[in-house]
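Chemist: So the chains spell out like this:
Number of protein chains: 2
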Amino acid sequence: MGRDERGVTPQSEDFSAWYNELVAKAQLVDRGPAKGTMVIRPYGYRLWELLQAELDQRIKDTGHENAYFPLLIPESYLQREAQHVEGFAPELAVVTHAGGKELEEPLVVRPTSETIIGEMMAKWVSSHRDLPLLLNQWANVVRWELRPRMFLRTTEFLWQEGHTAHADEAGAMRETMLALGLYTEVCRDIAALPVVPGEKTPGERFAGAVRTFTVEAMMRDGKALQSGTSHYMGTNFADAFEIQYTSQAGRLERCHTTSWGMTTRMIGAVVMTHGDDKGLVLPPRLAPYQVVIVPIGRGEEVPAAARELAGRLKAAGVRVHVDDRDHLSPGYRFNDWELRGAPVRLELGPRDLESGTVVMAMRLGQEGKRTIPLGSVAEIMPGVLADFQAFLLRRATEFREARTRTADTWQAFADGVTSGWASAPHCGRAVCEDDIKAETAATPRCVPLDAPPSGGVCVRCGQPGAYGKRVLFGRSY
Amino acid sequence: MGRDERGVTPQSEDFSAWYNELVAKAQLVDRGPAKGTMVIRPYGYRLWELLQAELDQRIKDTGHENAYFPLLIPESYLQREAQHVEGFAPELAVVTHAGGKELEEPLVVRPTSETIIGEMMAKWVSSHRDLPLLLNQWANVVRWELRPRMFLRTTEFLWQEGHTAHADEAGAMRETMLALGLYTEVCRDIAALPVVPGEKTPGERFAGAVRTFTVEAMMRDGKALQSGTSHYMGTNFADAFEIQYTSQAGRLERCHTTSWGMTTRMIGAVVMTHGDDKGLVLPPRLAPYQVVIVPIGRGEEVPAAARELAGRLKAAGVRVHVDDRDHLSPGYRFNDWELRGAPVRLELGPRDLESGTVVMAMRLGQEGKRTIPLGSVAEIMPGVLADFQAFLLRRATEFREARTRTADTWQAFADGVTSGWASAPHCGRAVCEDDIKAETAATPRCVPLDAPPSGGVCVRCGQPGAYGKRVLFGRSY
Ligand SMILES: [Zn+2]
Ligand SMILES: [Zn+2]
Numbered sequence: 080m081g082r083d084e085r086g087v088t089p090q091s092e093d094f095s096a097w098y099n100e101l102v103a104k105a106q107l108v109d110r111g112p113a114k115g116t117m118v119i120r121p122y123g124y125r126l127w128e129l130l131q132a133e134l135d136q137r138i139k140d141t142g143h144e145n146a147y148f149p150l151l152i153p154e155s156y157l158q159r160e161a162q163h164v165e166g167f168a169p170e171l172a173v174v175t176h177a178g179g180k181e182l183e184e185p186l187v188v189r190p191t192s193e194t195i196i197g198e199m200m201a202k203w204v205s206s207h208r209d210l211p212l213l214l215n216q217w218a219n220v221v222r223w224e225l226r227p228r229m230f231l232r233t234t235e236f237l238w239q240e241g242h243t244a245h246a247d248e249a250g251a252m253r254e255t256m257l258a259l260g261l262y263t264e265v266c267r268d269i270a271a272l273p274v275v276p277g278e279k280t281p282g283e284r285f286a287g288a289v290r291t292f293t294v295e296a297m298m299r300d301g302k303a304l305q306s307g308t309s310h311y312m313g314t315n316f317a318d319a320f321e322i323q324y325t326s327q328a329g330r331l332e333r334c335h336t337t338s339w340g341m342t343t344r345m346i347g348a349v350v351m352t353h354g355d356d357k358g359l360v361l362p363p364r365l366a367p368y369q370v371v372i373v374p375i376g377r378g379e380e381v382p383a384a385a386r387e388l389a390g391r392l393k394a395a396g397v398r399v400h401v402d403d404r405d406h407l408s409p410g411y412r413f414n415d416w417e418l419r420g421a422p423v424r425l426e427l428g429p430r431d432l433e434s435g436t437v438v439m440a441m442r443l444g445q446e447g448k449r450t451i452p453l454g455s456v457a458e459i460m461p462g463v464l465a466d467f468q469a470f471l472l473r474r475a476t477e478f479r480e481a482r483t484r485t486a487d488t489w490q491a492f493a494d495g496v497t498s499g500w501a502s503a504p505h506c507g508r509a510v511c512e513d514d515i516k517a518e519t520a521a522t523p524r525c526v527p528l529d530a531p532p533s534g535g536v537c538v539r540c541g542q543p544g545a546y547g548k549r550v551l552f553g554r555s556y
Numbered sequence: 080m081g082r083d084e085r086g087v088t089p090q091s092e093d094f095s096a097w098y099n100e101l102v103a104k105a106q107l108v109d110r111g112p113a114k115g116t117m118v119i120r121p122y123g124y125r126l127w128e129l130l131q132a133e134l135d136q137r138i139k140d141t142g143h144e145n146a147y148f149p150l151l152i153p154e155s156y157l158q159r160e161a162q163h164v165e166g167f168a169p170e171l172a173v174v175t176h177a178g179g180k181e182l183e184e185p186l187v188v189r190p191t192s193e194t195i196i197g198e199m200m201a202k203w204v205s206s207h208r209d210l211p212l213l214l215n216q217w218a219n220v221v222r223w224e225l226r227p228r229m230f231l232r233t234t235e236f237l238w239q240e241g242h243t244a245h246a247d248e249a250g251a252m253r254e255t256m257l258a259l260g261l262y263t264e265v266c267r268d269i270a271a272l273p274v275v276p277g278e279k280t281p282g283e284r285f286a287g288a289v290r291t292f293t294v295e296a297m298m299r300d301g302k303a304l305q306s307g308t309s310h311y312m313g314t315n316f317a318d319a320f321e322i323q324y325t326s327q328a329g330r331l332e333r334c335h336t337t338s339w340g341m342t343t344r345m346i347g348a349v350v351m352t353h354g355d356d357k358g359l360v361l362p363p364r365l366a367p368y369q370v371v372i373v374p375i376g377r378g379e380e381v382p383a384a385a386r387e388l389a390g391r392l393k394a395a396g397v398r399v400h401v402d403d404r405d406h407l408s409p410g411y412r413f414n415d416w417e418l419r420g421a422p423v424r425l426e427l428g429p430r431d432l433e434s435g436t437v438v439m440a441m442r443l444g445q446e447g448k449r450t451i452p453l454g455s456v457a458e459i460m461p462g463v464l465a466d467f468q469a470f471l472l473r474r475a476t477e478f479r480e481a482r483t484r485t486a487d488t489w490q491a492f493a494d495g496v497t498s499g500w501a502s503a504p505h506c507g508r509a510v511c512e513d514d515i516k517a518e519t520a521a522t523p524r525c526v527p528l529d530a531p532p533s534g535g536v537c538v539r540c541g542q543p544g545a546y547g548k549r550v551l552f553g554r555s556y
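The listed protein sequences derive, respectively, from chains A and B.
Mind the numbering: the first sequence is residues 80 to 556 in the working numbering, read in order.
Mind the numbering: the second sequence is residues 80 to 556 in the working numbering, read in order.
Derived by calculation from the structure, the hints in this document are not laboratory data.
Keep in mind the model is a prediction, meaning the values are calculated, not measured.
Careful, some of the hints might be misleading.
The list that follows gives simulated cross-link-like pairs (lysine to aspartate or glutamate, EDC-like), each with its CA atoms no further than 16 Å apart [what the hints assert, rightly or not]: (1) K114/B <-> E181/A; (2) K202/A <-> D109/B; (3) K357/B <-> D93/B; (4) K139/A <-> E128/B; (5) K114/A <-> E181/B; (6) K114/B <-> E184/A; (7) K202/B <-> D109/A; (8) K114/A <-> E183/B; (9) K114/B <-> E321/A; (10) K139/B <-> D109/A; (11) K393/A <-> D140/B; (12) K180/A <-> E183/B; (13) K202/A <-> E321/A; (14) K114/A <-> E170/A; (15) K393/B <-> E154/A; (16) K180/A <-> E248/B; (17) K180/B <-> E224/A; (18) K114/A <-> E184/B; (19) K104/B <-> D494/B; (20) K516/B <-> E480/B; (21) K114/B <-> E183/A; (22) K114/A <-> D494/B; (23) K180/B <-> E170/A.
Examples of chain B residues toward chain A, derived with CB under 10 Å [said to hold, decoys possible]: (24) K114; (25) G178; (26) P185; (27) C540.
If you want the footprint, here are the derived chain B segments under chain A, 3+ residues with CB under 8 Å [stated by the list, open to error]: (28) 151-158; (29) 170-176; (30) 194-200; (31) 386-398; (32) 421-435; (33) 453-459.
Ideal Cβ placement from N, Cα and C applies to all residues, glycine included.
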């Protein structure tokens with residue numbers, strides 16, 4: 080595709096410009112008027128709805144219930160957990176006036192809901208019979224961003240936040256890992272993101288957490304994107320809000336809590352993992368339209384056949400769209416759906432109709448265009464889409480593996496994080512992490528759960544390794 | 080049920096106390112820490128999710144697309160439409176500080192989104208081919224309330240807001256009525272609310288609208304609850320935000336816009352339409368649990384049979400819950416599910432099991448308890464639930480009809496609005512509406528769409544009737 084109005088800067092030239100232009104031109108998002116806010120347009124929002132449905136089902140199937148907590152939180156609530164307020168204070172948006180008056184106590188627009196949910200949990204939990212308390216909320220949150228970037232860092236974003244309370248550490252840790260498992264599965268099976276689940280090092284923990292776990296995805300520029308996090312809070316929030324219960328033995332005990340979230344930045348992850356210079360490439364499980372039919376030529380017969388075909392595809396469970404904008408040339412429409420990432424395009428003209436065939440073009444892959452019998456399209460399509468989904472995951476996995484360097488020397492490490500990730504022993508000291516960051520812009524992404532035991536001394540400072548396995552480092556969004 | 084901890088004040092004694100106690104004790108909602116905010120608890124939120132799914136499907140089926148617009152709106156946006164800002168200014172919550180600094184321009188937390196969506200529509204619409212633009216958003220909004228009431232008037236609430244742009248008045252009016260039709264249908268078929276669709280009189284219009292339509296429901300205290308509204312904006316917002324398009328003839332034209340919304344106050348409507356002194360009565364289409372099975376006695380056999388029965392009901396598409404809290408007496412659990420409004424309760428004890436039967440108790444109706452064969456429960460249940468749903472709608476319709484008085488004299492009018500609604504000719508003058516309100520606390524609820532033509536002079540002032548049909552008056556929430 081030439082650089083017409085829909086063209087985007089090639090990835091190789093400027094990945095960041097490619098991304099910014101693409102998310103706008105593919106009509107996923109637009110800038111909102113207030114600094115750093117975004118408007119999620121219907122095509123982008125549909126992606127989010129499809130992801131949300133998958134995640135919500137899994138959250139419910141594992142025994143959690145959805146609820147809704149207030150947007151506005153008294154400022155004093157955040158101050159009850161010292162690390163928490165320290166972490167979030169710089170990002171808060173504050174309501175000082177309401178109903179024409181100045182408020183006695185300012186209200187912060189929730190940046191996350193541990194505090195207000197902690198307050199309610201304390202009210203709802205009294206006996207061991209009330210535990211575990213497994214809650215989830217779908218909501219908007221606001222964190223003031225200095226360097227906003229559509230989907231990745233915006234002043235307001237959408238997410239789900241799970242919040243649970245348990246009788247003891249074991250229960251809370253099982254929950255923390257369960258949530259991480261849901262994220263790993265949704266990333267892999269739905270978004271075709273071969274994420275690495277692992278634990279954050281102490282310096283990268285959530286403000287107020289005892290342990291933080293993450294799923295890390297690699298973008299096509301080699302950078303990491305944290306795609307979901309799950310936190311074990313210990314009794315930090317239970318202490319701050321007095322979330323306690325009477326045990327079976329009749330003793331008053333503090334709860335152990337967790338929280339975990341996945342956000343609209345997942346849309347950015349999908350764009351940067353699968354997209355190319357022609358535009359988006361959407362995994363079928365998330366594509367608003369899995370198949371787009373482009374009828375060619377005017378008359379009545381072709382559009383009617385296109386609609387009939389769409390009906391059969393819909394009946395086969397395929398999300399299909401007929402692009403009948405006949406004031407636009409077929410070529411323009413082809414490019415448009417490449418830009419917008421539809422996995423499969425079907426071209427149907429008078430001659431195809433005569434021969435009882437349709438031309439199928441995949442958004443990616445070496446197959447080129449194929450001519451297939453009209454009668455079999457609906458039958459083969461679910462398989463075609465499943466293959467394409469698998470292909471995207473395989474391609475992203477191979478890319479991640481090729482760009483992950485096992486590094487035992489500083490040079491290998493520095494080379495690794497230039498184009499991707501480095502897997503290396505680390506001493507675990509925050510000063511050493513800071514030093515690495517200053518030198519290379521790379522940070523520890525996680526200590527992968529499934530990394531094999533490995534010895535060795537810190538790749539940077541030579542002190543003993545702290546984790547008994549290699550740590551994954553990379554630059555990140 | 081006695082006045083134990085779960086008992087509520089009888090409706091006849093104090094309807095308002097009954098409502099406030101019930102929504103809390105049935106665990107639909109809890110008070111949030113900031114004035115007038117609410118926490119929607121899982122049982123209440125599930126109701127909302129079920130309503131949302133029904134409405135969302137209808138919104139999509141009629142060609143609308145969901146999107147998401149920012150929460151925070153520059154204050155100056157609201158000022159562009161004079162009536163709009165006048166109407167909303169007293170209720171605004173304002174963010175003045177963010178990211179540790181005072182903002183150059185304060186941001187209001189959206190009370191509704193006409194302005195910010197108008198701004199984006201102006202950017203997205205340029206040709207007649209871009210019309211109609213049919214958008215919807217599910218979101219939270221904030222309106223500062225002086226006299227908050229859970230679900231009915233809260234500082235923050237959840238809703239959907241449809242926003243559409245059209246080439247002309249005819250298209251926009253068709254849309255306005257289509258949305259009103261969706262609300263009428265969802266109220267009637269899902270929530271069992273026999274609402275009256277009609278047009279608001281000029282004094283009751285939405286701030287900035289040319290015409291406002293509403294669906295009005297009658298609560299069991301005879302008061303009206305506005306349950307959804309649909310507005311034709313004319314070109315008011317198109318003028319303010321320059322939403323315009325080039326027509327087929329090549330002329331620049333202003334769009335005609337609409338907006339329409341339904342909110343979490345619907346939960347309050349369901350409570351106050353169907354509930355009684357024992358608690359909630361939920362229409363099966365909205366009940367989180369349509370059937371609750373209470374196993375009686377300890378052993379292993381009964382709980383296992385209850386789970387097996389639940390499995391069969393679930394397979395038959397029934398939302399079922401087994402209440403196996405065996406530290407609570409059967410009687411306590413029975414009362415609990417009456418309080419929480421489950422349409423059907425199934426009681427299963429060792430003797431039932433022996434005889435291969437189960438005891439079925441409906442939440443309402445004269446049938447009392449029935450003993451039915453265990454083997455046929457799953458088969459008959461969908462019919463039992465459909466009958467119960469129809470029964471609730473019929474009962475509410477009869478109630479509304481019995482409490483609506485056709486009034487041609489002031490005395491009949493004043494009597495009518497004491498216990499319900501009055502249907503009377505009215506002059507249409509705002510001063511006369513104000514006079515009626517001062518005298519009786521009743522306001523014009525709507526001019527019903529399907530009211531037959533009717534002459535007569537104003538029931539209050541004797542001037543000629545303005546609408547050619549009777550107007551519905553009532554006190555309202
Ligand atoms: Zn080191
Ligand atoms: Zn009058």
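Chemist: Against each hint, give a clear statement of whether it holds in the structure.
Modeler: Hint by hint, here is what the structure shows:
no. : hint              : in the structure
1   : K114/B <-> E181/A : holds, 14 Å
2   : K202/A <-> D109/B : holds, 10 Å
3   : K357/B <-> D93/B  : holds, 14 Å
4   : K139/A <-> E128/B : holds, 13 Å
5   : K114/A <-> E181/B : holds, 14 Å
6   : K114/B <-> E184/A : holds, 11 Å
7   : K202/B <-> D109/A : holds, 10 Å
8   : K114/A <-> E183/B : holds, 11 Å
9   : K114/B <-> E321/A : violated, 22 Å
10  : K139/B <-> D109/A : violated, 22 Å
11  : K393/A <-> D140/B : holds, 14 Å
12  : K180/A <-> E183/B : violated, 19 Å
13  : K202/A <-> E321/A : holds, 9 Å
14  : K114/A <-> E170/A : holds, 13 Å
15  : K393/B <-> E154/A : violated, 45 Å
16  : K180/A <-> E248/B : violated, 39 Å
17  : K180/B <-> E224/A : holds, 12 Å
18  : K114/A <-> E184/B : holds, 11 Å
19  : K104/B <-> D494/B : violated, 34 Å
20  : K516/B <-> E480/B : violated, 22 Å
21  : K114/B <-> E183/A : holds, 11 Å
22  : K114/A <-> D494/B : violated, 56 Å
23  : K180/B <-> E170/A : holds, 10 Å
24  : K114              : holds, 9 Å
25  : G178              : holds, 3 Å
26  : P185              : holds, 8 Å
27  : C540              : violated, 34 Å
28  : 151-158           : holds (count 4)
29  : 170-176           : holds (count 7)
30  : 194-200           : holds (count 3)
31  : 386-398           : violated (count 0)
32  : 421-435           : violated (count 0)
33  : 453-459           : violated (count 0)
The structure does not agree with the numbered hints 9, 10, 12, 15, 16, 19, 20, 22, 27, 31, 32 and 33 stated previously, though it agrees with the rest.
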